[in-house]
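Asks: So the sequence lines, in the order shown, correspond to chains A and B.
Quick note: the first sequence uses our numbering, first residue 1, plus one each step.
Quick note: the second sequence uses our numbering, first residue 175, plus one each step.
Careful: at least some of the hints might be erroneous.
Unchecked claim - Okay, derived cross-link-like pairs now, SDA-like style, lysine to any residue, Cα gap no bigger than 20 Å in a straight line:
1. A:K127 with B:I210
2. A:K127 with B:N217
3. A:K124 with A:T150
4. A:K127 with B:T209
5. A:K127 with B:S202
6. A:K124 with B:T288
7. A:K127 with A:G116
8. A:K124 with A:P105
9. A:K124 with B:A207
10. A:K124 with B:T283
11. A:K127 with B:N203
12. A:K124 with B:S204
As the list claims (entries may be wrong) - Under 10 Å between C-beta atoms, here's a sample of chain B residues computed to sit facing chain A:
13. V198
14. A199
15. S202
16. N203
17. L220
18. V222
19. G238
Claimed, not checked - Now the stretches of chain B that chain A is said to cover, found in silico as 3 or more residues with beta-carbon under 8 Å:
20. 205-218
21. 272-286
Bear in mind the hints are in silico, worked out from the structure with no lab data behind them.
For each residue, glycine too, the CB sits at the ideal point set by N, CA and C.
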Amino acid sequence: MADSTGTFFPYGPLGLAASRPFNRCEAPKEPLAAEHYFGPSRFHLMKRIVTAVLGGLLAFSAVYGLAASLNLTSDSLGAGTATVAACQAAALNATYTSTYSAAAPGYTVGTVTVTGLAATCYSKPYKITLSGAASVSLGEATGTTPSSGTSFAATFAPALSAASVTGVSVVISG
Amino acid sequence: MWRRMAGLVVVTLAGAVVGLASSVAISSNSIGAATIAVPRCTNAGLTVLQNLAAGTVASVTVAGIPAACGGGTLQATVNNGVTSASGSAAVPGGGGSVTVTFGVPPAVTGSEQTDAVLVGP
Chain A
1 MADSTGTFFP YGPLGLAASR PFNRCEAPKE PLAAEHYFGP SRFHLMKRIV TAVLGGLLAF
61 SAVYGLAASL NLTSDSLGAG TATVAACQAA ALNATYTSTY SAAAPGYTVG TVTVTGLAAT
121 CYSKPYKITL SGAASVSLGE ATGTTPSSGT SFAATFAPAL SAASVTGVSV VISG
Chain B
175 MWRRMAGLVV VTLAGAVVGL ASSVAISSNS IGAATIAVPR CTNAGLTVLQ NLAAGTVASV
235 TVAGIPAACG GGTLQATVNN GVTSASGSAA VPGGGGSVTV TFGVPPAVTG SEQTDAVLVG
295 P
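Generate coordinates for the entire structure from the input sequences, incorporating the hints supplied.
Replies: What follows is the structure, given as structure tokens:
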């Protein structure tokens with residue numbers, strides 16, 4: 001490296017000090033090795049940097065090569081989990097209002113009253129099913145729980161034979 | 175060292191972004207359901223006796239009610255084919271017999287049907 005006066009400075013490219021200064025009029029007897037040009041420690045540093053850059057280029061070129069060799073598409077996929085909880089933990093109790101029906105004939109259940117309703121189950125849709133032998137549904141009543149109080153009544157139309165009722169199912173959702 | 179840390183942070187953030195991209199926000203309303211058998215306080219046969227008065231069925235006595243039915247309510251109806259009369263009475267705690275008296279006793283005919291139901295306890 002030389003300035004405007006032609007004086008050579010013992011610096012190589014990148015401003016690194018050369019290990020052996022030389023005169024520009026003196027042709028080197030043999031080609032200077034990079035180690036001579038940069039010095040042993042800086043030479044190793046440069047060697048590591050070059051090796052790292054080349055390794056990175058090689059790795060990325062391999063990735064790009066794979067990406068170009070496959071034509072891959074994908075449908076969307078999303079998943080989530082949420083807890084489904086009951087609106088209340090306290091027990092509900094079903095009671096029955098039986099009425100005599102000459103058409104049946106016999107006693108029928110036209111109303112099921114559910115007690116024990118908690119405020120957390122207010123104003124929610126419900127279904128009540130009365131079942132008979134082999135859990136066959138005899139009838140279903142639907143409605144919305146009240147916004148106050150602790151009980152509500154579900155009406156079955158037509159009324160169901162009281163003797164046939166063996167089970168009751170209640171669901172409150174919303 | 176700081177370069178390694180920076181690299182780890184970048185890798186971690188990339189993984190978090192991928193996780194968010196595949197997740198779906200979901201919420202749920204409540205639902206509660208239950209089924210229970212409607213119990214019978216007895217399966218034993220009960221004795222039904224019509225008490226007649228002036229050509230009418232004035233009342234019905236149901237006997238043989240077990241203690242498990244104590245505290246419940248007995249409803250009884252007599253239907254003579256033309257009209258019917260219904261009434262109810264509480265079952266004693268120890269069970270036993272219950273008499274249901276009709277406000278308007280139905281006339282005695284060739285045959286009457288008597289129906290009874292125990293509600294509760």
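Asks: None of the hints should be skipped; say for each whether it holds.
Replies: Hints versus structure:
1. Taken as a hint, the K127 of chain A and I210 of chain B pair is honoured in the structure, with Cα atoms around 14 Å apart against an allowance of 20 Å.
2. In summary, the hint linking K127 of chain A to N217 of chain B is not supported, as the alpha carbons are separated by about 29 Å, beyond the 20 Å threshold.
3. Only pairs whose Cα atoms come within 20 Å are accepted, and K124 of chain A paired with T150 of chain A is accepted, the gap being roughly 13 Å.
4. Under the criterion of a C-alpha separation no larger than 20 Å, the hint pairing K127 of chain A with T209 of chain B is consistent with the structure, at around 12 Å.
5. This hinted pair checks out: K127 of chain A and S202 of chain B have alpha carbons roughly 19 Å apart, not beyond 20 Å.
6. Only pairs whose Cα atoms come within 20 Å are accepted, and K124 of chain A paired with T288 of chain B is rejected, the gap being roughly 41 Å.
7. At most 20 Å may separate the alpha-carbon atoms for a hinted pair to count; K127 of chain A and G116 of chain A meet this at roughly 16 Å.
8. The hinted pair formed by K124 of chain A and P105 of chain A fails the criterion: a straight-line CA distance of about 35 Å is larger than 20 Å.
9. Note on K124 of chain A and A207 of chain B: the hinted pairing holds, with a Cα-Cα distance of about 13 Å set against a maximum of 20 Å.
10. About 51 Å separates the Cα atoms of K124 of chain A and T283 of chain B, which puts this hinted pair outside 20 Å; it is violated.
11. At roughly 16 Å between alpha-carbon atoms, K127 of chain A and N203 of chain B fall within 20 Å of each other, so this suggested pair holds.
12. Taken as a hint, the K124 of chain A and S204 of chain B pair is honoured in the structure, with Cα atoms around 9 Å apart against an allowance of 20 Å.
13. Below 10 Å, beta-carbon pairs count as interface contacts, and V198 of chain B has one with chain A at about 4 Å; its hint therefore holds.
14. Here the hint on A199 of chain B is kept, as its CB sits about 6 Å from the closest CB of chain A, short of 10 Å.
15. About 4 Å separates the beta-carbon of S202 of chain B from the nearest beta-carbon of chain A, less than 10 Å, and the hint is met.
16. Annotation: N203 of chain B was flagged as interfacial toward chain A, and the flag holds, the nearest CB pair being 5 Å apart, inside 10 Å.
17. Checking L220 of chain B against chain A: minimum C-beta separation of about 13 Å lies over 10 Å; hint violated.
18. For V222 of chain B, the interface hint is violated, the least distance from its beta-carbon to any beta-carbon of chain A being 14 Å, above 10 Å.
19. Proximity of G238 of chain B to chain A is violated relative to the hint, the smallest CB-CB distance being about 18 Å (cut-off 10 Å).
20. Under a criterion of three residues with beta carbons nearer than 8 Å to beta carbons of chain A, the stated coverage of the stretch 205-218 of chain B is upheld, 8 such residues being counted.
21. Proximity of the stretch 272-286 of chain B to chain A, defined as three or more residues with a beta carbon under 8 Å from a beta carbon of that chain, is not established by the 0 residues found.
Violated hints, listed in ascending order, are 2, 6, 8, 10, 17, 18, 19, 21; each of the other numbered hints is respected by the structure.
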